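Trainee: Residue numbers (this note's numbering), protein chains in the order written: chain A, 1 to 280; chain B, 1 to 308.
Treat each hint with caution, since some may be false.
[What the hints assert, rightly or not] Simulated restraints on C-beta separations: (1) A:ASP242 / B:GLN135: 24 to 30 Å; (2) B:GLN106 / A:CYS38: 47 to 53 Å; (3) A:ASN202 / B:GLN106: 38 to 44 Å.
What the hints contain is simulated information worked out from the structure, not anything from laboratory work. These numbers come from a predicted model, not from an experiment. Every residue gets a Cβ at the ideal spot worked out from N, C-alpha and C, and that includes glycine.
Spelled out, the chains give:
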Amino acid sequence: MRTLWKGAVSFGLVNIPVKMYAATEKKDIKFNYLHRECMSPVEYHKFCPRCGREISSEEIVRGYEYQKGNYVVINEEDLERIPLNNTKTIDILDFVDISQVDPVFFDKSYYLEAAAGGEKAYALLIEAMNKTGKVAIARVIIRSKQSLAALRVKDQVLLMETIFYPDEIRSPASLNPGLDGAKLHENEIKMAVNLIENLSVNFEPEKYHDEYRQALRELIDAKIVGKEVVAPTVAETGKVVDLMEALQASVKLAEENRQKSKSGETKASKKRTRKTKTGS
Amino acid sequence: MNLIIPMEPILREEIFDSSDFTYQLKWDGVRMLTYVSGGKVELFNKRLHHRSDQYPELQLFSSLFKKNKVILDGEIIAFKDSKPNFPAVMRRDNARNKQRIQLLMQEVPINYIVFDLLWYEDEDLRVLSWEQRQQRLKELLKPQAMIHIIEDFPSGSSLFNAVKKAELEGVVAKRKASRYQDGKKHRDWFKIKYRRRQACVVGGYTLRNDVANSLLLGVYHDGLLRYVGRAGSGLKVSEWQELTTGLKLLQTNVAPFASFPGRLKETVFWLEPRLVIDVEFAEWTDDMHLRSPVIKDFLKIAPEECQV
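Build out the structure end to end from the sequences listed, making use of the hints.
Mentor: Written out as structure tokens, the structure reads:
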């Protein structure tokens with residue numbers, strides 16, 4: 001798993017250094033869009049309709065449309081000016097019972113792992129949360145974005161669920177009311193309750209599969225096989241051996257040459273000594 | 001088992017000969033430690049990231065060490081044109097889903113060059129000398145399929161000459177009496193690099209006082225033009241001046257690179273990817289950039305030929 005973020009959980013006076021990982025992954029099958037004629041992947045270019053030309057990212061600024069067709073430009077400096085506690089922390093604010101947090105609040109899940117130096121405090125927090133059965137509500141600042149989160153323990157690891165702010169949750173008030181209006185008979189209720197009880201089991205997530213994805217996967221695999229993309233499974237392993245042999249031969253040759261030139265040198269110098277001897 | 005931080009060779013400029021050292025080829029691939037325990041095989045790279053899913057071939061170790069607890073150190077390599085090629089291994093390393101990995105297993109077969117044995121059963125072998133560890137490795141592991149044991153050469157200079165001739169990455173010198181230590185906190189393993197060449201497409205440039213002072217380089221990798229770094233040396237002032245005029249003709253608004261990591265302090269001018277240059281460089285960095293590239297020559301080849 002890739003570390004998404006490094007920071008610290010602050011809990012009272014204790015600071016626990018942690019690394020964050022995504023706890024879930026989408027397994028949707030992704031497609032690329034291709035140009036039908038030549039099969040190359042389609043590129044998306046940024047185009048300004050008023051200037052009638054393509055523009056580069058340097059030419060793009062961020063704008064907020066405050067009324068139709070009217071924008072104010074918000075640049076990096078503006079955003080930096082917003083007072084935000086920019087430390088990389090997960091600040092624990094309160095502890096609550098998990099049953100009080102409605103599942104509609106949960107957004108994304110992340111694992112928090114103790115980073116170097118934080119092991120003991122991390123273990124302590126987990127143990128205390130296990131004992132009390134509480135979850136922590138925390139304020140999180142990641143990449144200068146602030147959000148709310150619930151921290152709980154799963155398999156002895158801290159799990160962080162980012163949660164929506166209350167004003168981000170839509171009210172069901174505008175929908176048709178559920179219980180009002182309909183008249184229910186005693187027998188009908190009994191039957192429905194019976195039915196639910198008959199279908200009640202323990203939750204075993206392994207039971208459920210994405211059947212559509214599975215079918216799509218099989219279809220794709222069949223196409224790949226049909227196209228015989230099966231490329232070289234040649235004896236690549238031979239290449240290591242070949243390379244080593246070539247290197248050894250090259251080393252040997254160089255050493256032989258050196259030996260030759262060495263013995264040549266000694267012969268030459270011997271000759272010279274003899275010559276001097278005869279000369280003298 | 002706690003994860004081991006791999007011992008890394010320290011860069012040295014000159015090759016040397018010493019009977020205290022053994023000399024090995026520096027294989028241009030991805031460093032990988034293999035942990036086998038209870039028939040389970042797990043791979044971790046230099047940054048201690050989990051990489052088991054990327055290289056299913058190495059599950060072969062589970063059948064070699066059925067019950068033993070073993071930690072091996074080695075390099076995963078892949079070939080291109082009969083030479084180990086780092087970018088090729090990166091295609092495997094970057095594959096993120098099962099299907100892609102399955103496909104690439106066929107297209108980019110890998111080899112694992114084992115060069116050290118760090119753990120056996122309950123014994124931490126890192127405290128032993130390299131020589132002793134090497135002996136234990138050779139007793140324990142019989143090379144097979146794509147698993148190899150690295151070869152040793154007695155002379156550094158001879159090996160380095162052979163490496164230069166074959167245009168391989170370099171030589172690693174290891175002190176025979178040294179124990180295995182974390183990272184670079186030692187003076188026992190050294191790497192000596194041979195500077196190699198790579199043809200690159202110029203995809204952009206920066207200016208200083210209206211004269212180009214660096215070129216942004218790219219190579220085609222998996223069908224996309226990948227940014228691999230910038231080169232600012234190798235040309236004379238007069239050459240830069242001449243080049244600047246030429247570059248302006250190729251200028252465009254759109255970055256030709258499939259991805260351009262980070263921003264440069266200077267303004268970048270993008271180019272149509274048409275100009276090809278020959279670049280000398282020390283090695284590929286872990287994120288597939290060229291380390292210390294130097295401009296050597298302008299090449300008259302099609303940009304599409306700059307493939308890695």
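Trainee: Hints first: check each against the structure and report whether it holds.
Mentor: Tested hints:
Separated by about 27 Å at the C-beta atoms, ASP242 (chain A) and GLN135 (chain B) satisfy the suggested range of 24 to 30 Å. A hinted range of 47 to 53 Å for the beta carbons of GLN106 (chain B) and CYS38 (chain A) is inconsistent with their spacing of about 25 Å. Here the CB-CB span from ASN202 (chain A) to GLN106 (chain B) is close to 43 Å, well matched to the stated 38 to 44 Å.
The structure shown violates just one earlier hint, number 2.
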